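The listed protein sequences correspond, in order, to chains W, P, C and U. Residue numbers are given in full-length UniProt numbering: position 224 of the first sequence equals residue 224, and the series is strictly consecutive. Residue numbers are given in full-length UniProt numbering: position 31 of the second sequence equals residue 31, and the series is strictly consecutive. Residue numbers are given in full-length UniProt numbering: position 224 of the third sequence equals residue 224, and the series is strictly consecutive. Residue numbers are given in full-length UniProt numbering: position 42 of the fourth sequence equals residue 42, and the series is strictly consecutive.
Hints should not be assumed to be uniformly reliable.
Note that the list lumps identical chains together, so a pair holds whenever it fits in one copy or between two copies.
The calculated lysine to aspartate or glutamate pairs, modelled on EDC-like cross-linking and capped at a C-alpha distance of 16 Å, are [what the hints assert, rightly or not]: (1) Lys26 / Asp57; (2) Lys127 / Asp39; (3) Lys127 / Asp104.
Hints listed in this document are in silico derivations from the structure and should not be mistaken for laboratory results. Quantities reported herein were computed from a predicted structural model and do not represent experimental measurements.
4 protein chains.
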Amino acid sequence: MERKTLLTHCSDEPGLIAKITNICYKHQLNIIHNNEFVDNTSGHFFMRTELEGNFNDSVFVEDLEFALPKNASKKLVDSSKKKVVVLVTKESHCLGDILMKTFDGSLNVEITAVVSNYDILQPLVEKFDIPFRHVSHVGLNREEHEVKVKEAIDGFDADYLVLAKYMRILTPGFVEHYHNRIINIHHSFLPAFIGAKPYQQAYERGVKIIGATAHFVTNDLDEGPIIKQDVIPVDHNFSAQDMAQAGRDVEKNVLSKALNKVVNDHVFVYGNKTVIL
Amino acid sequence: MERKTLLTHCSDEPGLIAKITNICYKHQLNIIHNNEFVDNTSGHFFMRTELEGNFNDSVFVEDLEFALPKNASKKLVDSSKKKVVVLVTKESHCLGDILMKTFDGSLNVEITAVVSNYDILQPLVEKFDIPFRHVSHVGLNREEHEVKVKEAIDGFDADYLVLAKYMRILTPGFVEHYHNRIINIHHSFLPAFIGAKPYQQAYERGVKIIGATAHFVTNDLDEGPIIKQDVIPVDHNFSAQDMAQAGRDVEKNVLSKALNKVVNDHVFVYGNKTVIL
Amino acid sequence: MERKTLLTHCSDEPGLIAKITNICYKHQLNIIHNNEFVDNTSGHFFMRTELEGNFNDSVFVEDLEFALPKNASKKLVDSSKKKVVVLVTKESHCLGDILMKTFDGSLNVEITAVVSNYDILQPLVEKFDIPFRHVSHVGLNREEHEVKVKEAIDGFDADYLVLAKYMRILTPGFVEHYHNRIINIHHSFLPAFIGAKPYQQAYERGVKIIGATAHFVTNDLDEGPIIKQDVIPVDHNFSAQDMAQAGRDVEKNVLSKALNKVVNDHVFVYGNKTVIL
Amino acid sequence: MERKTLLTHCSDEPGLIAKITNICYKHQLNIIHNNEFVDNTSGHFFMRTELEGNFNDSVFVEDLEFALPKNASKKLVDSSKKKVVVLVTKESHCLGDILMKTFDGSLNVEITAVVSNYDILQPLVEKFDIPFRHVSHVGLNREEHEVKVKEAIDGFDADYLVLAKYMRILTPGFVEHYHNRIINIHHSFLPAFIGAKPYQQAYERGVKIIGATAHFVTNDLDEGPIIKQDVIPVDHNFSAQDMAQAGRDVEKNVLSKALNKVVNDHVFVYGNKTVIL
Chain W
1 MERKTLLTHC
11 SDEPGLIAKI
21 TNICYKHQLN
31 IIHNNEFVDN
41 TSGHFFMRTE
51 LEGNFNDSVF
61 VEDLEFALPK
71 NASKKLVDSS
81 KKKVVVLVTK
91 ESHCLGDILM
101 KTFDGSLNVE
111 ITAVVSNYDI
121 LQPLVEKFDI
131 PFRHVSHVGL
141 NREEHEVKVK
151 EAIDGFDADY
161 LVLAKYMRIL
171 TPGFVEHYHN
181 RIINIHHSFL
191 PAFIGAKPYQ
201 QAYERGVKII
211 GATAHFVTND
221 LDEGPIIKQD
231 VIPVDHNFSA
241 QDMAQAGRDV
251 EKNVLSKALN
261 KVVNDHVFVY
271 GNKTVIL
Chain P
1 MERKTLLTHC
11 SDEPGLIAKI
21 TNICYKHQLN
31 IIHNNEFVDN
41 TSGHFFMRTE
51 LEGNFNDSVF
61 VEDLEFALPK
71 NASKKLVDSS
81 KKKVVVLVTK
91 ESHCLGDILM
101 KTFDGSLNVE
111 ITAVVSNYDI
121 LQPLVEKFDI
131 PFRHVSHVGL
141 NREEHEVKVK
151 EAIDGFDADY
161 LVLAKYMRIL
171 TPGFVEHYHN
181 RIINIHHSFL
191 PAFIGAKPYQ
201 QAYERGVKII
211 GATAHFVTND
221 LDEGPIIKQD
231 VIPVDHNFSA
241 QDMAQAGRDV
251 EKNVLSKALN
261 KVVNDHVFVY
271 GNKTVIL
Chain C
1 MERKTLLTHC
11 SDEPGLIAKI
21 TNICYKHQLN
31 IIHNNEFVDN
41 TSGHFFMRTE
51 LEGNFNDSVF
61 VEDLEFALPK
71 NASKKLVDSS
81 KKKVVVLVTK
91 ESHCLGDILM
101 KTFDGSLNVE
111 ITAVVSNYDI
121 LQPLVEKFDI
131 PFRHVSHVGL
141 NREEHEVKVK
151 EAIDGFDADY
161 LVLAKYMRIL
171 TPGFVEHYHN
181 RIINIHHSFL
191 PAFIGAKPYQ
201 QAYERGVKII
211 GATAHFVTND
221 LDEGPIIKQD
231 VIPVDHNFSA
241 QDMAQAGRDV
251 EKNVLSKALN
261 KVVNDHVFVY
271 GNKTVIL
Chain U
1 MERKTLLTHC
11 SDEPGLIAKI
21 TNICYKHQLN
31 IIHNNEFVDN
41 TSGHFFMRTE
51 LEGNFNDSVF
61 VEDLEFALPK
71 NASKKLVDSS
81 KKKVVVLVTK
91 ESHCLGDILM
101 KTFDGSLNVE
111 ITAVVSNYDI
121 LQPLVEKFDI
131 PFRHVSHVGL
141 NREEHEVKVK
151 EAIDGFDADY
161 LVLAKYMRIL
171 TPGFVEHYHN
181 RIINIHHSFL
191 PAFIGAKPYQ
201 QAYERGVKII
211 GATAHFVTND
221 LDEGPIIKQD
231 VIPVDHNFSA
241 QDMAQAGRDV
251 EKNVLSKALN
261 KVVNDHVFVY
271 GNKTVIL
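Kindly produce the complete structure, drawing on both the sequences and the hints.
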């Protein structure tokens with residue numbers, strides 16, 4: 001008995017759930033969890049079905065092919081570990097949490113490498129016997145640096161790139177190359193405080209709550225599909241630095257939770273939003 | 001076109017979702033929202049399906065009858081307002097919130113009456129042109145008082161009784177009479193601080209968070225199926241009285257949210273738990 | 001024995017707490033609660049001292065005058081109810097909560113009047129025997145309407161104006177006239193979604209959390225000093241309308257909590273921020 | 001210029017703040033942060049004062065001695081790192097978070113050793129060049145085992161012992177030996193679910209929120225002074241195992257935050273409660 005997850009999405013029409021579940025039933029695949037969603041604005045249908053049984057993948061997908069609308073996207077995925085390359089700059093808290101969770105098995109990923117424009121986090125990464133690539137940006141323009149970063153990344157398998165406080169802006173070409181595969185943690189409650197120094201911005205505005213946002217990276221800075229957000233209360237006692245310090249736990253928790261949803265195939269990207277089933 | 005909600009639960013077996021959704025499809029009922037859950041411990045299946053279309057109720061239920069296991073519970077409910085009788089003692093905040101939400105239509109109920117062992121809240125209730133029945137407990141034992149309360153309640157239609165800070169313990173007979181139809185707000189994060197004076201208990205224990213719990217009433221005091229809980233932070237500055245004051249908003253919010261789920265048919269009671277779909 | 005609150009703020013210098021508390025001690029005023037804050041960026045000192053005893057107000061303030069820097073602001077306030085005029089448009093939830101809390105005494109205010117550009121909420125307000133003034137904006141430009149609103153307001157005593165979902169933008173002249181005395185509830189987590197239709201904006205951005213912000217009104221739209229914020233989680237299931245519905249409880253809770261802090265003299269406005277002691 | 005923190009507590013009486021701040025002023029010590037609290041139930045006064053200047057410790061304390069009531073406790077502490085020994089069993093998440101935060105300097109402690117009744121976490125600890133002592137309980141009774149644990153601990157300096165998911169109950173003798181110096185993380189929202197398997201208990205009760213509690217250990221199991229608590233929502237979808245998984249982040253965050261407060265001298269223990277200034 002195996003466990004696999006079927007991800008379906010297409011234009012909504014009557015009978016979709018019946019059709020899909022009929023095929024599962026016919027294949028004697030037991031539904032462990034099932035979640036659907038119809039976006040009424042766009043008329044789009046999403047379904048995530050965790051199945052258990054003996055899979056005949058090709059016949060199963062063929063049957064779905066036959067039953068569902070032509071434009072339907074169908075993906076049958078197993079639960080093996082996703083491969084990620086983590087990009088960092090100087091701060092360790094998000095990376096550290098991912099390293100720990102990978103180490104103890106609570107995050108279903110294999111970190112194939114860590115790439116950084118500084119070498120500060122090399123000792124930490126190497127404690128965990130994970131390859132570390134230092135790609136300095138010194139003396140390079142953005143494009144030149146990215147060529148080298150890309151080379152470093154592409155030396156390793158990666159289903160996803162995780163920007164764990166990688167403090168450089170990416171070019172459209174880079175983002176396009178890893179389309180919907182780059183996950184970033186932004187240290188504000190987006191869309192508040194887009195861009196640089198969000199804690200400084202938050203301090204100056206005098207907000208009473210700060211937050212963090214994990215999102216897919218697109219070419220609009222900090223405007224990509226949001227996966228997860230969380231917040232903590234602050235008050236007049238917090239300097240911008242205190243906010244940054246207090247925000248670290250939120251950042252790492254939000255990033256880990258977002259990553260967990262993504263690598264376990266709960267996240268559909270549709271337009272500029274996510275549907276999480 | 002009408003909207004109705006189908007509530008199904010039974011022992012789990014393969015094909016249930018397919019069977020139910022097939023019948024919906026056959027009846028040309030469009031699925032607006034669908035949620036299922038299988039309790040793996042008990043092997044029990046739950047499904048809530050919001051449908052839109054032209055209903056032939058009796059044929060539809062007959063078809064389900066035929067397709068589903070013998071023990072299956074099937075209920076097709078429309079979205080008309082549920083009738084509730086509210087029981088209170090002296091405090092107005094939970095009652096007030098329900099009155100306001102009924103007044104502005106954001107809670108799908110009709111309050112057919114308010115019953116109280118004091119007359120303190122009579123002026124408030126009568127502002128909203130709702131019958132108020134004062135049933136004093138003075139000079140009566142618990143059973144005698146309940147006979148009169150029951151009489152007062154039964155003069156009005158009630159799908160549910162809502163104990164909105166009704167500070168008297170109910171007898172088993174009373175609870176049995178309104179089986180799974182009494183919703184209570186308890187002013188603690190159950191199962192912490194069962195029984196009387198939970199804020200005093202919380203103060204004495206020095207907790208850093210207090211809460212409120214909405215639950216169905218059973219004969220085990222404060223042990224019935226939990227519908228909704230929420231909490232707020234407190235600290236050493238809070239006296240027991242400050243906690244009570246701060247807890248009022250949580251109490252009323254939790255009760256209203258629980259009530260909202262119940263009257264819109266999202267809540268299954270199973271064993272001593274709720275499944276909220 | 002009376003209870004009063006001393007509010008002091010001035011440029012920071014060594015010995016301020018000692019000087020103030022010495023004078024309290026000399027006047028045999030017992031300190032019930034004391035909170036200080038120094039804003040290290042601006043070098044400004046804030047202190048709120050709840051005192052109990054027999055007050056000789058003029059001598060006490062004279063002594064403070066003598067001991068503190070020339071520019072120091074000193075205010076000795078008693079705990080009598082603040083008078084508020086509430087402005088509303090069509091929605092009742094924020095107003096309703098304030099009415100209820102005023103009715104049961106849990107909010108230390110007297111509502112002297114409710115003013116609205118619609119007459120929809122008149123029946124609700126009159127249940128509570130509070131004057132309601134309908135000032136229609138139909139056929140008037142912004143300035144003309146505001147002249148009439150101001151007339152309506154000024155027929156009543158008001159320490160503060162509370163915009164409880166008053167859906168009109170105020171002119172600079174109006175705002176200036178009630179400088180730091182107008183409290184607004186904005187239905188987003190500011191500074192995200194400034195301006196009109198924040199829930200629609202939130203829906204379109206696909207955020208996973210929505211919020212509400214209570215703030216003093218200044219001439220920069222939705223940019224005034226923030227008093228209180230809170231949030232609730234949402235997900236892809238929420239339409240803009242669902243968000244608006246779900247946000248109502250947060251809005252009313254945030255506004256009531258902010259108001260509670262303001263009318264109990266916990267809030268200092270300094271620059272574009274609040275210090276809440 | 002040095003920074004030190006003065007911790008004072010004694011029976012309340014008029015003039016205490018004035019007396020203490022006068023002495024600070026006289027010593028030309030600038031008050032950076034000051035917080036006081038009076039427990040009105042017990043009539044006890046607490047004050048925490050962060051000071052900056054040139055300290056003459058002995059004269060300063062002598063002056064306080066002279067000015068304050070005889071029973072007053074006065075402690076002047078610097079901000080050097082506290083030494084902790086961490087006790088663990090098999091789970092790594094709480095330990096991992098403390099290791100990371102010690103590594104990046106965001107937690108003001110030095111971990112002098114990790115002691116465990118299993119050797120599972122030895123490889124993790126040794127990555128960080130911290131001594132690990134494996135003290136197996138196999139074949140020993142509770143007292144015999146504790147003698148060996150105590151020996152292992154006492155080979156290292158420790159201001160505090162941190163039970164980071166140490167799954168063994170301590171004897172009164174052991175607890176007494178490290179009076180008010182043992183900090184435990186309990187994986188429930190105490191006082192709900194005292195004792196073994198709190199997530200299993202939570203699952204069976206059907207709660208809608210789970211939590212974690214950091215507290216000082218006393219001889220009453222899970223009844224010691226609470227330092228910090230936090231919660232997360234759960235629902236019918238969570239098995240006991242899912243709750244345990246979801247609870248890990250809360251546990252580690254709560255423990256780290258509690259530890260942060262303790263090692264930075266914000267926490268007074270008084271009776272069975274904490275006052276956190």
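Hint by hint, here is what the structure shows:
1. Taking the closest pair of Cα atoms, Lys26 and Asp57 come within 16 Å of each other only inside a single copy of the chain (13 Å); across copies the shortest separation is 29 Å, beyond that limit.
2. Proximity of Lys127 and Asp39 under a CA criterion of 16 Å is satisfied in neither setting, with 46 Å inside one chain copy and 42 Å between copies.
3. Taking identical chains as interchangeable, the C-alpha atoms of Lys127 and Asp104 lie at most 16 Å apart whether they share a chain (14 Å) or sit on different chains (14 Å).
Hint compliance for this structure: hint 2 alone is broken.
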